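Engineer: With the hints as your guide, set chain B onto chain A.
Number of protein chains: 2
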Amino acid sequence: MPATETSGSTVTFADIEESSKRIRPIAKRTPVLTSRGFDQAAGFKAFFKCENLQTGGAFKIRGASNFVSRLTPQQLKRGVVAYSSGNHAQAVAIAARHWGASATLVMPLDAPRSKVEATRAQGARIVTYDRLREDREAIGKRIAEEMGATLVPPFDHPWTIMGQGTAALELMEQIPDLDALVVPVGGGGLISGCSIAAKHLRPGIRVIGVEPVDANDTFLSLAEGKRVEIAAPKTIADGLRSPSPGVLTFPIIQRNVERIVLVTDNEIREAMKFLLIRMKILVEPSGAVTAAAALSGKLGGKLGRVGLILSGGNVDLEMLVELR
Amino acid sequence: MPATETSGSTVTFADIEESSKRIRPIAKRTPVLTSRGFDQAAGFKAFFKCENLQTGGAFKIRGASNFVSRLTPQQLKRGVVAYSSGNHAQAVAIAARHWGASATLVMPLDAPRSKVEATRAQGARIVTYDRLREDREAIGKRIAEEMGATLVPPFDHPWTIMGQGTAALELMEQIPDLDALVVPVGGGGLISGCSIAAKHLRPGIRVIGVEPVDANDTFLSLAEGKRVEIAAPKTIADGLRSPSPGVLTFPIIQRNVERIVLVTDNEIREAMKFLLIRMKILVEPSGAVTAAAALSGKLGGKLGRVGLILSGGNVDLEMLVELR
Numbered sequence: 006m007p008a009t010e011t012s013g014s015t016v017t018f019a020d021i022e023e024s025s026k027r028i029r030p031i032a033k034r035t036p037v038l039t040s041r042g043f044d045q046a047a048g049f050k051a052f053f054k055c056e057n058l059q060t061g062g063a064f065k066i067r068g069a070s071n072f073v074s075r076l077t078p079q080q081l082k083r084g085v086v087a088y089s090s091g092n093h094a095q096a097v098a099i100a101a102r103h104w105g106a107s108a109t110l111v112m113p114l115d116a117p118r119s120k121v122e123a124t125r126a127q128g129a130r131i132v133t134y135d136r137l138r139e140d141r142e143a144i145g146k147r148i149a150e151e152m153g154a155t156l157v158p159p160f161d162h163p164w165t166i167m168g169q170g171t172a173a174l175e176l177m178e179q180i181p182d183l184d185a186l187v188v189p190v191g192g193g194g195l196i197s198g199c200s201i202a203a204k205h206l207r208p209g210i211r212v213i214g215v216e217p218v219d220a221n222d223t224f225l226s227l228a229e230g231k232r233v234e235i236a237a238p239k240t241i242a243d244g245l246r247s248p249s250p251g252v253l254t255f256p257i258i259q260r261n262v263e264r265i266v267l268v269t270d271n272e273i274r275e276a277m278k279f280l281l282i283r284m285k286i287l288v289e290p291s292g293a294v295t296a297a298a299a300l301s302g303k304l305g306g307k308l309g310r311v312g313l314i315l316s317g318g319n320v321d322l323e324m325l326v327e328l329r
Numbered sequence: 006m007p008a009t010e011t012s013g014s015t016v017t018f019a020d021i022e023e024s025s026k027r028i029r030p031i032a033k034r035t036p037v038l039t040s041r042g043f044d045q046a047a048g049f050k051a052f053f054k055c056e057n058l059q060t061g062g063a064f065k066i067r068g069a070s071n072f073v074s075r076l077t078p079q080q081l082k083r084g085v086v087a088y089s090s091g092n093h094a095q096a097v098a099i100a101a102r103h104w105g106a107s108a109t110l111v112m113p114l115d116a117p118r119s120k121v122e123a124t125r126a127q128g129a130r131i132v133t134y135d136r137l138r139e140d141r142e143a144i145g146k147r148i149a150e151e152m153g154a155t156l157v158p159p160f161d162h163p164w165t166i167m168g169q170g171t172a173a174l175e176l177m178e179q180i181p182d183l184d185a186l187v188v189p190v191g192g193g194g195l196i197s198g199c200s201i202a203a204k205h206l207r208p209g210i211r212v213i214g215v216e217p218v219d220a221n222d223t224f225l226s227l228a229e230g231k232r233v234e235i236a237a238p239k240t241i242a243d244g245l246r247s248p249s250p251g252v253l254t255f256p257i258i259q260r261n262v263e264r265i266v267l268v269t270d271n272e273i274r275e276a277m278k279f280l281l282i283r284m285k286i287l288v289e290p291s292g293a294v295t296a297a298a299a300l301s302g303k304l305g306g307k308l309g310r311v312g313l314i315l316s317g318g319n320v321d322l323e324m325l326v327e328l329r
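Residue numbers (my numbering), protein chains in the order written: chain A, 6 to 329; chain B, 6 to 329.
The shape of chain A in the complex, shown without the other chains (with noise of 0.2 angstroms):
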């Protein structure tokens, strides 16, 4: 069996646990926000986990540096390949560079340039595609093997779950008492990871999803009751364009995950620029949908104390100008 996979398709708390001291070198603790101009647009007590502070502008380095950390030396040295819109990419340079492994990443011609250009920085190889006509998932285990490299899932590997999951075990470590945790859904590694910490830690809480209306593929999976394919959707949360919830992370959110909440660009938009000029912090829209959800209603008022997770914050300074 290779050594990046377990033995088993399970996450467990004690996984999350112990992948929150590997992470450690690299992964900061974010900070919790709140603003009471938000508690009063949004009709209840916001806590804002902040993964736009976090090392490479977004959660991502959890999953990435806890995936890294676990390679053999053998592994390192033969480095990495991972393919994303931005984030995945920028977490799996800094986590290669930390570890000592060459990093090599499939990025989308229309990625945000800001995400390219610091993926580039960290001194990996970068290969585009054309995100509306290639398949970055064969692009990317092509590369592999030719260079005999370890591909590193974006969002459906047991590793990569039980990092994401950490943001959720720090929000709750640093709030306890939270009655709902709201989450981007792309993949789902990220909603599906956080619902495992929660759900243990307090098995009452609602988790609550949020995707872009034309990236409802976790939605309407749910509503089939098994994993739906849709056509690459052209969402500024360009985080969130995943066709179809992965295999390993579909189960946990039928599991876990009460319902999915959808919103729109324009809602996405709003919430930027609530976040930036009311609340003095950039996120990128990917990470703006929770704060989306709440602003337009649609999570409704009476949810108590909710955790809100802002998952990254990599925005070109040209896009702000659209926010006017």
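Since the hints were derived computationally from the structure, they do not count as laboratory data. Hints are not guaranteed to be accurate.
All copies of an identical chain are treated as equivalent in the list; a pair is satisfied when it fits inside any one copy or across any two copies.
Keeping only pairs whose Cα atoms sit at most 27 angstroms apart, straight-line, the calculated BS3-like set for lysine-lysine is [to be verified]:
id	residue 1	residue 2
1	K278	K26
2	K50	K33
3	K26	K82
4	K231	K26
These numbers were taken from a predicted model, which means no experiment stands behind them.
Structural biologist: Same frame as chain A, but now just chain B:
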């Protein structure tokens, strides 16, 4: 003796400790952020005290709430008055609302729109004046006399200085082993209070102030050994346009501050961009002068572990466009 005058102009560390309890109902314990990218650019290890994430978007709530909390029920009933380019106004409005006083704010015609709107949203009455032609202090005093209201000084009062000093008290609880502390300088309320707290806790700490080149009143005053008044500054750092240091703040600065570093508006813009795009936090021009001093190399690289106060984050979206 009116209740807003204390028995002397000296502010002690014990005063600041007591103030830190008084302000707790409305002032936040703001997070301290770090950034490897910033450290690489600056050449030292930086710890950012994020007062841009403070209630009202700036440190001013510390002094204002400390001041208003000390008023008698009778004084609260007659209301409070303040003059300010924005952050102090908003802070006084929030504090007045919390302690049940009406607030009248004297604000310049060219104050950032967001600051005026946020102040109005707190239920305060706003009186505007022409910054280049009228004397805001005289207007404030006249209104206070007419209404029997209490003037809340923006910097030159022991209660204000004590309150602002809680920023450094907190920072040094969060990061006890700082070698230097870098603070924006307007009228000197923040740096005088912070220098008292910092020097008490760590007598060997180096306290460095930063002013815009165009608003170098404290720099000149230190050079001449007495308070100098300059023409109304035009710098983009609207919170640092005071024409001279305060009667109370200047001797404290003379005693505790090693030197004043001067930064240009362009250096401030570059620092704002770095803080926003790389560190994901929105910092206003006045708040970014400390980062500007570091990134421009003007602080020098051998400072060790350095606390930098980011004093506020109230910026209009329109201004961000100019950063491109």
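Engineer: Next step is simple, just say for each hint if it's right about the structure.
Structural biologist: Hints, one by one, checked against the model:
In the homo-oligomer, the alpha carbons of K278 and K26 never lie at most 27 angstroms apart, since the shortest distance is 35 angstroms inside one protomer and 33 angstroms across protomers. Both within a single protomer and between protomers do K50 and K33 lie at most 27 angstroms apart by alpha-carbon distance, with minima of 24 angstroms and 16 angstroms respectively. Proximity of K26 to K82 under the C-alpha cut-off of 27 angstroms is restricted to the intra-copy arrangement: shortest distance 23 angstroms within a copy versus 54 angstroms between copies. When the C-alpha separation of K231 and K26 is checked against a cutoff of 27 angstroms, the pair qualifies neither within a copy, at 34 angstroms, nor between copies, at 55 angstroms.
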